[in-house]
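Colleague: Listed here are the chains, written in short residue letters.
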Amino acid sequence: MTVHRVQGSEVEYGISVQGQPHANPMVASTHVVNSYASAHGLTRRARWDFEEESPLRDARGFDLSREVADPSQLTDEDLGLANIILTNGARLYVDHAHPEYSSPEVTTPRDVVRWEKAGEHVMLRGAELAAQIPGNQPIVLYKNNIDNKGASYGSHENYLVRRDVPFESIVAQLTPFFVSRQIFCGAGRVGQQQDGSVHAFQVSQRADYMEVGVGLETTLKRPIINTRDEPHADPRQWRRLHVIIGDANLSEVAILLKHGTTSIVLAMLEDGFLPPAPPLARPVEALHDVSHDPTCTVLVELEDGTTTTAIALQRHYLDAARRYVVEHGSDPETDEVLERWQSVLDRLERDPMECARELDWVAKLSLLESYRSRDGLDWDHAKLHLVDLQYHDVRPEKGLFHSLLRRGRIERLVPDDAVLAAVHEPPRDTRAYFRGMCLTRFSTDIAAASWDSVIFDLPGYESLQRVPTMDPLRGTAEHVGHLFEDSATATDLFRTITQR
Amino acid sequence: MAEQQHRSRGRSSEETEQVATPEVDSDRKEKLDDDVDAILDDIDDVLEENAEEFVRSFVQKGGQ
Numbered sequence: 001m002t003v004h005r006v007q008g009s010e011v012e013y014g015i016s017v018q019g020q021p022h023a024n025p026m027v028a029s030t031h032v033v034n035s036y037a038s039a040h041g042l043t044r045r046a047r048w049d050f051e052e053e054s055p056l057r058d059a060r061g062f063d064l065s066r067e068v069a070d071p072s073q074l075t076d077e078d079l080g081l082a083n084i085i086l087t088n089g090a091r092l093y094v095d096h097a098h099p100e101y102s103s104p105e106v107t108t109p110r111d112v113v114r115w116e117k118a119g120e121h122v123m124l125r126g127a128e129l130a131a132q133i134p135g136n137q138p139i140v141l142y143k144n145n146i147d148n149k150g151a152s153y154g155s156h157e158n159y160l161v162r163r164d165v166p167f168e169s170i171v172a173q174l175t176p177f178f179v180s181r182q183i184f185c186g187a188g189r190v191g192q193q194q195d196g197s198v199h200a201f202q203v204s205q206r207a208d209y210m211e212v213g214v215g216l217e218t219t220l221k222r223p224i225i226n227t228r229d230e231p232h233a234d235p236r237q238w239r240r241l242h243v244i245i246g247d248a249n250l251s252e253v254a255i256l257l258k259h260g261t262t263s264i265v266l267a268m269l270e271d272g273f274l275p276p277a278p279p280l281a282r283p284v285e286a287l288h289d290v291s292h293d294p295t296c297t298v299l300v301e302l303e304d305g306t307t308t309t310a311i312a313l314q315r316h317y318l319d320a321a322r323r324y325v326v327e328h329g330s331d332p333e334t335d336e337v338l339e340r341w342q343s344v345l346d347r348l349e350r351d352p353m354e355c356a357r358e359l360d361w362v363a364k365l366s367l368l369e370s371y372r373s374r375d376g377l378d379w380d381h382a383k384l385h386l387v388d389l390q391y392h393d394v395r396p397e398k399g400l401f402h403s404l405l406r407r408g409r410i411e412r413l414v415p416d417d418a419v420l421a422a423v424h425e426p427p428r429d430t431r432a433y434f435r436g437m438c439l440t441r442f443s444t445d446i447a448a449a450s451w452d453s454v455i456f457d458l459p460g461y462e463s464l465q466r467v468p469t470m471d472p473l474r475g476t477a478e479h480v481g482h483l484f485e486d487s488a489t490a491t492d493l494f495r496t497i498t499q500r
Numbered sequence: 001m002a003e004q005q006h007r008s009r010g011r012s013s014e015e016t017e018q019v020a021t022p023e024v025d026s027d028r029k030e031k032l033d034d035d036v037d038a039i040l041d042d043i044d045d046v047l048e049e050n051a052e053e054f055v056r057s058f059v060q061k062g063g064q
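One line per chain: the protein sequences are A and B, in this order.
Those letters in the first sequence? Residues 1 to 500, per our numbering, in order.
Those letters in the second sequence? Residues 1 to 64, per our numbering, in order.
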């Protein structure tokens, strides 16, 4: 195994209504989702099918009872908020008080970049369309994770991982990895502590919101390792590793590295290849310390009393990965991730500013430092907080990431036309192809869908017909492409699949 | 602290180079400065007005 793995990403966007700071964010988010659905022929608004969802299932083997769960943990109860499936196989919905785009399942980190970037276009379009509703003010969306006043919202990664990997070794082997990987996938933040009360820069948006080592929660007492265990696949074979520690990245290289390095580490873990990672004495404290140090030199304590740096911890995993591909073979995508991983670590060690073209936090810090030196600003200055926030504005004419991109200051990986195609087209090599094509071809006949099902509402059938899609690698273009070519109607398609 | 270290390191290598090829290096530095200035000018144009009010009114509800 290499970087190839079934994976995907979910991003909750920050939302504000111009001129109305007290506007209800659930209403605004609902307008974004529904406006997008209406304008794209998804008028039936195929709903999300919750049958296989179990957000209270814990990877450690028990179910949290609903009575003791915080209401914000109950994500599977349909609150009547907008929740639709797109033709590219993604899910677009309102999660708590934020619009969220969950990418379709893909098999490579590059495809995560492509379909996550497509999500930015979906969000931008949804906001533009919502502003056209009479009486609505413009809605602005931010691909970030914090309001710098205490609230945080997530950008999660999902990886399909073999069930036979003991969860204890996932915890032991991934904790030092997650604590240290922020040096290349942090999005940067002006302000430290959850409420931003300490005026200083830090590498990560999310780090200060992680409070425990391991846990099921995602909305409070957030853990470095999340134990939510809904595989959306055969649970005897697979678990889904739900990673909540990451920042929302705008940089394509940062997204590639985040998913690419994590995929390789998981492959080594599954193959029993990864040498034991040095256990940290206090992981949560180390996570915060690493984030608070833009020089990437801070020392964190290990269990044996010695100290190390985030870069050295990352090299533990990179060195193992180098040996791993020699023994197990590689491919161009994996080689790309390894080259970039090494290059970024080398340059972070020399001078982090050398990574300003690739990493969000460095690009942002470089911009902030330019402002500080030109205008003589301290870290508590509102203008620096505004630069931080506006870096994440999804509008090309207002977002500062986009300004840097236009000036050629940021490296791109995926051409615009590929990203724009991914706004509408599903990946061809996972079940997202079947889901997306059903929506593309027969949206009026689809009552609901989810990661592991498509539910048809067909003329002549009294009840809804559910087609399970439990295997993420079935329902690909190769498997079912010809069925769509041969089926004039949804009923034809359904009959061919079910032989009824 | 490291910022200062980086800056002073940059300055000393600049000085060394300046001895060897003064014109080329000052040209390059000027161009870099121009570039940074141009970016900040660009961004000044798009930054929201009244930074303090804008930042203060960005209040979000927590999510996952």
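None of these hints come from the bench; they were simulated from the model.
No experiment lies behind these values; they were computed from the predicted model shown.
There could be a bad hint or two in this list.
[Unchecked claim] Each computed SDA-like pair below joins lysine to any residue, with the alpha-carbon atoms no more than 20 Å apart:
(1) LYS221(A) - VAL165(A)
(2) LYS383(A) - GLY62(B)
(3) LYS149(A) - ASP41(B)
(4) LYS61(B) - LEU345(A)
(5) LYS61(B) - GLN192(A)
(6) LYS61(B) - ARG282(A)
(7) LYS149(A) - SER443(A)
(8) LYS398(A) - GLU52(B)
(9) LYS149(A) - HIS121(A)
(10) LYS398(A) - GLY62(B)
(11) LYS383(A) - ILE39(B)
(12) LYS149(A) - HIS22(A)
(13) LYS149(A) - PHE54(B)
(14) LYS149(A) - ILE39(B)
(15) LYS61(B) - LEU405(A)
(16) LYS149(A) - TYR461(A)
(17) LYS61(B) - GLU369(A)
(18) LYS221(A) - VAL171(A)
(19) LYS149(A) - THR30(A)
(20) LYS398(A) - GLU30(B)
(21) LYS221(A) - HIS199(A)
(22) LYS398(A) - GLU48(B)
(23) LYS383(A) - GLU369(A)
(24) LYS383(A) - GLU30(B)
(25) LYS61(B) - VAL171(A)
(26) LYS61(B) - ASP378(A)
(27) LYS149(A) - GLY62(B)
(28) LYS149(A) - ASP195(A)
(29) LYS149(A) - THR87(A)
(30) LYS398(A) - VAL27(A)
(31) LYS61(B) - GLU217(A)
[As the list claims (entries may be wrong)] Output of the computed footprint for chain B on chain A, the stretches with three or more beta carbons under 8 Å from beta carbons of chain B:
(32) 12 to 18
(33) 122 to 136
All residues carry an ideal CB built from backbone N, CA and C; glycine is no exception.
Colleague: Need the status of pair LYS149(A), SER443(A): alpha-carbon distance at most 20 Å?
Modeller: violated (41 Å)
Colleague: Verify the proposed pairing of LYS149(A) with ASP195(A), using a straight-line Cα cut of 20 Å.
Modeller: Since the Cα atoms of LYS149(A) and ASP195(A) sit roughly 4 Å apart, the hinted pair holds (cutoff 20 Å).
Colleague: Is the Cα-Cα distance between LYS149(A) and GLY62(B) 20 Å or less?
Modeller: holds (10 Å)
Colleague: Next pair to validate is LYS398(A) with GLY62(B); report whether the Cα-Cα distance is within 20 Å.
Modeller: violated (24 Å)
Colleague: Quick one, are LYS221(A) and VAL165(A) close enough, alpha carbons at most 20 Å?
Modeller: violated (25 Å)
Colleague: Verify the proposed pairing of LYS398(A) with VAL27(A), using a straight-line Cα cut of 20 Å.
Modeller: Violated. LYS398(A) to VAL27(A) sits at ~24 Å, over the 20 Å cutoff.
Colleague: For the pair we were handed, LYS149(A) and PHE54(B), check the Cα-Cα distance against 20 Å.
Modeller: Given pair LYS149(A), PHE54(B) holds - Cα atoms ~13 Å apart, limit 20 Å.
Colleague: For the pair supplied as a hint, LYS149(A) and TYR461(A), confirm whether the alpha-carbon distance does not exceed 20 Å.
Modeller: Roughly 53 Å separates the two Cα atoms, so the pair is violated.
Colleague: Measure nothing beyond the straight line between the CA atoms of LYS398(A) and GLU52(B); if it is 20 Å or shorter, mark the hint as holding.
Modeller: holds (17 Å)
Colleague: LYS61(B) and GLN192(A): Cα distance at most 20 Å?
Modeller: Status holds; Cα separation ~19 Å.
Colleague: Would you check the hint for LYS383(A) and ILE39(B), treating anything up to 20 Å between C-alpha atoms as holding?
Modeller: Judged against 20 Å, a Cα distance of about 15 Å means the pair holds.
Colleague: Does the alpha-carbon distance linking LYS383(A) and GLU369(A) stay inside the 20 Å limit?
Modeller: Distance ~12 Å between LYS383(A) and GLU369(A) Cα, so the pair holds.
Hints 1, 2, 3, 4, 6, 7, 9, 10, 14, 15, 16, 17, 19, 20, 21, 24, 25, 26, 29, 30, 33 from the earlier list are contradicted by this structure; the remaining hints agree with it.
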